[in-house]
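Take these sequences, add in the hints, and give me the full structure.
Number of protein chains: 4
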Amino acid sequence: MIAILKPHVSDDRLNEIVHHIEKKGLQAHVSKGTDTTVIGIIGKFESSLAEQLRSMKDVENVVRISKSYKLASRDFHPANTIINIKGVEIGGDELVIMGGPCAVETPEQIDLIASIVKKAGAQVLRGGAYKPRTGPYAFQGIGEEGLKWMKDAGEKYNLLTITEVMTPETVDLVCEYADILQIGTRNMQNFELLRKVGKTQTPVLLKRGFSATYDEWLNAAEYILAGGNPNVMLCERGIRTFESYTRNTLDLSAIPVLKHLTHLPVISDPSHGTGRRELVVPMTKASVGAGCDGLIIEMHNDPDNSMTGDGVQSLFPDQFADLLKDLEKLAPLLGKTLDTNKISKQLLTV
Amino acid sequence: MIAILKPHVSDDRLNEIVHHIEKKGLQAHVSKGTDTTVIGIIGKFESSLAEQLRSMKDVENVVRISKSYKLASRDFHPANTIINIKGVEIGGDELVIMGGPCAVETPEQIDLIASIVKKAGAQVLRGGAYKPRTGPYAFQGIGEEGLKWMKDAGEKYNLLTITEVMTPETVDLVCEYADILQIGTRNMQNFELLRKVGKTQTPVLLKRGFSATYDEWLNAAEYILAGGNPNVMLCERGIRTFESYTRNTLDLSAIPVLKHLTHLPVISDPSHGTGRRELVVPMTKASVGAGCDGLIIEMHNDPDNSMTGDGVQSLFPDQFADLLKDLEKLAPLLGKTLDTNKISKQLLTV
Amino acid sequence: MIAILKPHVSDDRLNEIVHHIEKKGLQAHVSKGTDTTVIGIIGKFESSLAEQLRSMKDVENVVRISKSYKLASRDFHPANTIINIKGVEIGGDELVIMGGPCAVETPEQIDLIASIVKKAGAQVLRGGAYKPRTGPYAFQGIGEEGLKWMKDAGEKYNLLTITEVMTPETVDLVCEYADILQIGTRNMQNFELLRKVGKTQTPVLLKRGFSATYDEWLNAAEYILAGGNPNVMLCERGIRTFESYTRNTLDLSAIPVLKHLTHLPVISDPSHGTGRRELVVPMTKASVGAGCDGLIIEMHNDPDNSMTGDGVQSLFPDQFADLLKDLEKLAPLLGKTLDTNKISKQLLTV
Amino acid sequence: MIAILKPHVSDDRLNEIVHHIEKKGLQAHVSKGTDTTVIGIIGKFESSLAEQLRSMKDVENVVRISKSYKLASRDFHPANTIINIKGVEIGGDELVIMGGPCAVETPEQIDLIASIVKKAGAQVLRGGAYKPRTGPYAFQGIGEEGLKWMKDAGEKYNLLTITEVMTPETVDLVCEYADILQIGTRNMQNFELLRKVGKTQTPVLLKRGFSATYDEWLNAAEYILAGGNPNVMLCERGIRTFESYTRNTLDLSAIPVLKHLTHLPVISDPSHGTGRRELVVPMTKASVGAGCDGLIIEMHNDPDNSMTGDGVQSLFPDQFADLLKDLEKLAPLLGKTLDTNKISKQLLTV
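Residue numbers (the working numbering), protein chains in the order written: chain A, 1 to 350; chain B, 1 to 350; chain C, 1 to 350; chain D, 1 to 350.
Treat the hints as calculated values from the structure; they're not laboratory data.
Incorrect hints may appear among the rest.
Since copy identity is lost for identical chains, a pair holds within one copy or between any two.
Said to hold, decoys possible - Taking lysine-lysine pairs in the DSS-like style, the calculated list, with each CA pair at most 30 Å apart, reads: (1) K151 / K119; (2) K23 / K156; (3) K86 / K151; (4) K199 / K151; (5) K119 / K57.
These numbers were taken from a predicted model, which means no experiment stands behind them.
Right under this line is the structure:
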């Protein structure tokens, strides 16, 4: 860590600051330049020291060099984390596809869509039973019954299931039904929720906050890891920018950046990331080009009558199946495999 | 609401869409232009209809004209909401000042700062007992004991108190100690928390999400109002932009915009909004110029040894007192009053 | 175009506004709702009418339905524009690769790099002789001599050349030397420059302004097309967002969006779009996945001693050659072709 | 300047980098930490060295401590720059008000508005004869004739005049007619234009690029100062963010930040900064609260029939006059003076 002092700081004040650092058991290397003085700080320090120093009089800026997250960092864990769920490996060679509707609506709907997802060769069924909504009067999801319908469909068709969990109190309940917990973009910094899922061993897909930096995102993952749950995957789902033609700006650079900074699997969500059906296919292929470990894609058999408005970004079933056929060819050129024929017949292990 | 169809939509499809609208008991006025066709939709409809229409094939876009929040809107509640807490009126003529440290640290610290806050002529003592932190290893706040120390200081010096509540489970506890609940920027869309504070009658200061639009912010307030708690005030605290010199970009236009869109009181937070001590004084005056109902300002007696890093944006006690003297002169030119001498002697009513 | 009036507008004022519209020879269809009144406006109107209406008292908002650019729009020109330059077709089946250094430095440097570019199988040599720089004291480019060196290298190795033009006065000069003019991100709305290149027939690569919307970008292209130059290609090069780990946020959704909105070729610049060497390879592949017509990639034989700082994002020669080999396999799966062996031996036609 | 090396850099490579720095005549202070090594670089170096170092292999990051602009920096020029134009002082005690229409339309219009501006007690008449427009088909301004009409109006009513200059070729022409040159937001980094106005002595109002950082903005000012023209003032006019309710987000923190970083006068433009008439009055007062030296405000006598769409943000004449009366009372509390009565009778000196 480096502290940069304001120009013309007095020697007395410099000594005070150095003393403050040394009191913490750290070394302070002072470099005096013509205009500015810089202190290099060496040793093991708590995260809050940077903030304390930045608050001090005559300190212009503090630059952290080491990262504030440790368990999530590839520096201390060079090998990829591979999360094995009932025989499906996320973060390894396999390209993992999660498909399904925005919201679980009826048992028939989720059964029908699950059959389409399986037949197309995807490994995971997605669907929301609890829906975060901007306003209090919008449809808020089916609730626990929807979890049950999804579990049934997953078991019937040999699909893993993923669904969103929104509150600490419902974590245990959702764990009973789903194979993967999804934490949504608005909850990326719901620290109580992060702590709670950190106490389970259920795999977690942590979506990026729509205005979160990579660093904040990895720190949010660190909350879960520090709680004792190593099964975290990160999902890029678009950030908020000035461009309003797309619902969000899908930041695909996040994929290679995260593969560099962390060992955790990286998933892309081109549906929420664009908010427009016609962009989902090209941005799925772009995500694979960028090196993602998997995709989460909305698909609906009847978008005209979907219960949420997200039908606008849902693929039709035939588009979904065609896309997977294309990915099957693309994946091997990018170090991944996808065998839709095999997956469509695959049984999950217990 | 207006639905704009894609160019060259067929008459059959147009009729289908119109039929879909009329099934909901609404009127559909079709206008055919040379290139595009537009449907004006009239009647009382549920919030989700816009989303459903947007999902439909051949619908290019849907423009909502009426607002999705009702209780928060000035359209249906033209008079200002004035929140009276023990004799202090927020949203009325009085300019309300909330001052204090980022975090409660010790009983002595909060007692000392409360005495400074009162003497300077502010009405409210701020301080955090629970602190939302980006990483899991940073200081997370003193907890319940801190709430108690604050309450004691508030009672001793006749100050209202405001403190952050981070989880639904602690809402009742915090209500026992504090006069005003603060919901922080990361929790603006923690819908469970909003619903929970909506069930109390304790006044709530709802901070803007650091990337929330005005519309999303007012919808978040609507959650609280719809729950039955009318005592909501909104606090602009800076948004995230490309500019990194300041910690956030304090969007002061939010003040007159909100005074136009809603009847709720509007507070400004120049401390978090800038993240730099030297900007707090001018941006406080700017906030008053923009027409705010109150301010929440960090002040610390010893920033060098503050337990969080927010000392960097805390005023020194004498700066705080001088600022209030300046505001006292400024306020009357902007339709507000502040009598620091009177306030410093004022007893709270029960 | 639709004008949405403020609630409770009087009939007299409504009639005035309708009259104002009809005076322009347009039809006004009035729809009165319970709260709001909407006017559908039909006919051929000038671009400024929307703005005029928006300025009028009692007009809440104006929504344009038709686009403000015509020549750039795919609505009126459904087939892809293919720009043929000396036998190289941009916007057709071929994936076009432009490679080279940020800045032309010496005749030896550009000759060496041109030989590497050709051998790797790229079609175009890039390099800057005029460099836009944030501050006045930074290296501003070699100038005309650099143009000459590039032209020589291009001719020697049978490569097309592309270079930036920064001012209207130098357009004619640059046209003498280069095959393609590049307009940089800061000049996307330098309207005088756009008009000037619009008077030539030299192909133009128009980079996106780093905070320009798609609509503004296509309107900038419209300036060139309206001047009489149909040979415009668009280049996504990253936008400015809150994320600072990458130099810019490469918005790959721009590729399928533009392919939908316009018939012009779309190029991606993963070098400036990320600003980090280790991201260039994955983001090049992602760009191809998203459906781009070509790429512009920085490559330098000796980044340690590059004259600008952009070495940090330049590939090494072997990385560049390996990348092209990978693209050769990837392209056919995305409807494109790249035959590096053939290109490395290809002569340009005159 | 500090160079931070990647973890585990070898001693050989470290020595190479140090040698590279020392070759430039600079001192390199190496600090080795447990994980990382840092080099403090001391001495006078060229601006491009930071970029070169950042390009080098094994350099993780380079942190500049000194600023890249010198003439614009308050570090080397502590006293405020005061620009005296015909007796009006910008940057001193006087609060300077520039008012007028977006565009000059007719001689009668500009004469009428000038009379209103003068009578209200403003010092400067604004108006555009050349208009930068997003699309090629919109009204592009009256041109030279408009300059003449403005000059006549300015002389008749004893007002300074300010107007936009868009191209290097028209700088000399505009200098003949106007007292102050305005450089618009899209031209902030039109370096050729900056260089050209830098060769004149005419005062320049440099608007902030709508996505420019403070640092880029001050570097743009440096171009003008380095050319020999010391008469530069900076104008905050709103930045582009995710919020679309307002046309731009007026970043008022820019005012105290710039007063800290530079000695140049700082002006605020609440008209373009908000794009909504009802926000102009409160945001003008907020700007004065933040400490600006002056304001540029749009005012139009007949917004319904304005030739551009900017009528939507223009004050009516009586609003403008009332606002100046309010500012007259506000200014003295913020260290400024405004005597509208005196100004309305004041003759300009030659």
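Violated hints - listed by number, lowest first:
2
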